[in-house]
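Novice: Please put together the full structure from these sequences, using the hints given.
Residue-level listing of the chains:
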Amino acid sequence: MTVPVQFYLLLSAVVFCTGLFGILVRRNALIFLMSVELMLNAGNINLVAFSHYYGNLTGQVFALFTMALAAAEVAIGIGIILVLYRNFEDIDVTKATTMRW
Amino acid sequence: MAAVSLPAWAALAPMAVFALTALVLFVYDAVEPESHNSALLAGISLVGSLLALGITGWYLVAGTGQPRRNGAIELFGGNLVVDGMSLFFTALIASVVTLVVLASYDYLQGHDYQAEFYSLAMLAATGMAMMSTANSLATAFVSLELASLPSYALVAYLKHNRGSVEAGLKYFLVGALSSAIFAYGISLVYAATGSLQFDAVAGAIADTSLVGVLGLGVVMVIGGFAFKTASVPFHFWAPEAYEGAVAPISGFLSSASKAAGFVLAFRVFLTAFPIDVIGAVDWVVAFQVLAVATMTVGNFAALKQEKVKRMLAYSSVGHAGYVLIALAALTDGANHSFVLGSGMAHLLVYAFMNTGAFLFIALAEHWEVGRTFEDFNGLATEAPFACAAMSVFLFSLAGLPLGGGFFSKFYLLMASINGGVAILAAALIVNSAVSLYYYSRVVKAMWIEEPNGDLEIESYPTGLYAAIAIAAVMTVLLLPAFGPVAETANMAAEMLV
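These protein sequences, in sequence, are chains A and B.
Here the working numbering is used: position 73 in the first sequence is 73, and no number is missing along the way.
Here the working numbering is used: position 109 in the second sequence is 109, and no number is missing along the way.
Bear in mind the hints are in silico, worked out from the structure with no lab data behind them.
Every residue, glycine too, gets a C-beta built ideally from N, C-alpha and C.
Heads up, some of the hints might be wrong.
Said to hold, decoys possible - Here are the simulated DSS-like cross-link-like pairs (lysine-lysine), alpha carbons at most 30 Å apart as the crow flies: (1) K95(A) with K307(B); (2) K159(B) with K307(B); (3) K304(B) with K95(A); (4) K159(B) with K95(A).
Unchecked claim - Simulated DEER-style distance windows between Cβ atoms: (5) L10(A) with A16(B): 40 to 46 Å; (6) A72(A) with L40(B): 24 to 30 Å; (7) G163(B) with V3(A): 46 to 52 Å; (8) Y85(A) with E456(B): 36 to 42 Å; (9) G420(B) with A72(A): 42 to 48 Å; (10) E365(B) with P4(A): 40 to 46 Å; (11) L10(A) with N37(B): 57 to 63 Å; (12) A286(B) with G79(A): 33 to 39 Å; (13) E365(B) with F21(A): 36 to 42 Å; (14) R86(A) with G212(B): 42 to 48 Å.
Specialist: The structure is reproduced here in structure tokens:
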């Protein structure tokens, strides 16, 4: 018995929206990073599920690329959050407001 | 007929040169971590970017990847493609990098981590050049990240400066969010079509059963491009990032990075989602809304600014709106290659005039004269040459016939009329008139106002001056030379439509 491919779409949409919700309501920069990671992995679920559905490997291989890029993005993000903490003594993303329009 | 024919992969030589330059700088930094030999570091970067520019120019002249030789060169199973458009944009990016490196030599005097600065700039340039060749959603995403990740670090380069760190944080937050949205959009397009390569996507679009999924995917992909090109609704990072970053990097991001985002958008929407095949989303209408919104938001926000750098940042958002006309005017009756070519030509002219304007800000920061309009009062009495160049940049940005900006805006106007979209033409004219006001405020401050008290300039840095002079000469030269540029752009665009 196999799971119909639509259910994967539903799962990935739920994971994506969880991540988006986290970004919109949480103010901690580290939680922000985790939420972005959730959103990227929602994309990976689609890629892997439909790779199986279509019977080609394109999606699976691209999912590997996405994971590597997500790791690189976190590495840069942690660096920026570190200097943020050193300059503002906090990692609340709403505290850094020296510039205003 | 050339005596020697190069292998196909040699078409990627400009990107290889950028990447290699970055690695050479890394190796030098690993061997001599304490070195403060900024002349050598800037020299290596300058040689690298000039070499990349030279190779690209040679390919453009020799006709590599263009119809008069053997047509577009497809590499790695059609995942990368080198054609007229990719060479046009690689030349643009290489020119901007050259100017930025030249200016950074003086600007970075006394700063640490210079090797990292230059190598990150080179890596970002590699990513941007790859974006212009990407021909599959996979390479598009990877190259977009390769361009973005070094940019985040470059914006936060002054790590003890609160403004720079804040700018880096905001750029990173919006960037990470929009790249996640972009990745999810790609996965939905893959779900609907079963492929990532542009031509294969276009082939599978017509008979997909998941039309809604595809439509959502296309909208999310538009979101990814809106971030990279600083268009509404993902433009919030732009004023912060450009204001907080060191000025040469602001110029780099607002010119080269924007151009790279646009070339990718052109290719994706014309090759992968052709408007006559894709019924799910009428993206032309979506881009019409985005273009008008971006122009208006950018220009009217620029009106209210007190700081010159922030004004330029908003003006750069406005210019993204002008270039969006190239996608928004692609209606049924339009001459597609002309519309697209006008956008490309405007990006090239914009690259020189906008980088030049930001480099003048770099010069002002180097002199420490301050950031507001009032601080620029009477600057022309001390530095007439630089102020004359800045006036050329600003008037050209506004669209007066002092530089190539006049013709490129005129072509965009013709393009929106050609596409039969009156609202775009009206928005372009109104916004250009608005922009003339805030650009001339700077010119008035520099030439007419009296200097306030102790305005004294001690140094006239050679590198910065040279970069500004080159940008000014190119901006002015593009006025008489606009014909051939537009023709090259049209020819490059013709291969896509």
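Novice: Quick one: which hint numbers does this structure break? Sort them smallest to largest.
Specialist: Hint 10 contradicted; others consistent.
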